[in-house]
Structures are given as structure tokens and as C-alpha cells.
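A.B. asks: Kindly produce the complete structure, drawing on both the sequences and the hints.
Counting from 1, position 20 in the sequence shown corresponds to residue 20 in the numbering used here; the numbering is continuous, with no gaps.
No lab work stands behind these hints: they were computed from the structure. Treat the hints with care, as some may be off.
Said to hold, decoys possible - Below, simulated EDC-like cross-link-like pairs (lysine to aspartate or glutamate); rule was C-alpha separation at most 16 Å, straight line: (1) K29 x E14; (2) K68 x E32; (3) K84 x D100; (4) K29 x D17; (5) K68 x E105; (6) K68 x D100; (7) K84 x D17; (8) K29 x D132; (9) K109 x E14; (10) K29 x D100.
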Amino acid sequence: MDSVFSIPIRVYYEDTDAGNVVYYANYLKFMERARTEWLRARGFEQDELSRRDGILFAVRSVRLDFLKPARFNDLLQATARVAKRGNASVTFAQEIRRADLTLCEGEVKVACLDAATFAPCAIPSHLRAQLDAGEAP
Numbered sequence: 001m002d003s004v005f006s007i008p009i010r011v012y013y014e015d016t017d018a019g020n021v022v023y024y025a026n027y028l029k030f031m032e033r034a035r036t037e038w039l040r041a042r043g044f045e046q047d048e049l050s051r052r053d054g055i056l057f058a059v060r061s062v063r064l065d066f067l068k069p070a071r072f073n074d075l076l077q078a079t080a081r082v083a084k085r086g087n088a089s090v091t092f093a094q095e096i097r098r099a100d101l102t103l104c105e106g107e108v109k110v111a112c113l114d115a116a117t118f119a120p121c122a123i124p125s126h127l128r129a130q131l132d133a134g135e136a137p
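C.D. replies: Next up, the structure:
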């Protein structure tokens, strides 16, 4: 549905565990950054969506496969691509890569919520148009 969006991520000491590899939960942080920058590249700031449109996005489900470890000081790429858009949700296909090697891959489904009530709501039409366009403006 969408082209792949990518941002660089440097692994810092704080990202690693006692085994000197990236702690598994930190891959989710890297993916969150990629989704946030994906929105920003399309002209949407999450705080503005909350104020102006009264919506926010919350993670509904996550599926991850950890394939290879990342280590301190690695330069990674965190990717985000829209795999599916529903009326009130978006599923992103995401990867964490080092050069041409996929280290972690999975899907993150986010739900569109009313910012005041946290009830599911439809994605606004102007945002749906960007989700469906597939390319950053």
C-alpha cells in the first residue's frame, strides 16, 4: 500500500542489556520513532492531531520476530510502511535493519481514538488521504 519510510537509529549504551545487545523492548521504541517521523514527513504532528482533530493513535497490537542482535554503536535503519488501513486503524509493517540485514521485523497496529474519551473513532478524511496516497508530499 505504501512505500517504505526509513530513519537512522544509532544504538547507544543505554539501549543494550547485560549481554551487550539491544534489549528487546527497545526495538519497539525504535519502531515508534519511525512511525512518528513517517507522520511528520506527511505534515502531521501527533500533538496537533490531538488539539486540532481531537484524535490520537494508540498501539492496539504488536507482532515481532527477533532475527539477529543489534549491538552498541551499530547504525540501524528503522522502517515503516502502511500495510493496511481500516476505518479506525492502521497496520504498519516495520523492520529494524543494519545495512542489508534484517534484525527485527513485525507489524504494529495502531487504533485511532477520540482524544477526550479514548473511544475508537474514524481516521479523519485528510489523514486517510495521506495514508492512501502512499508517498510523502
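A.B. asks: Return the numbers of the hints above that this structure violates; sort them in rising order.
C.D. replies: 2, 3, 7, 8, 9, 10
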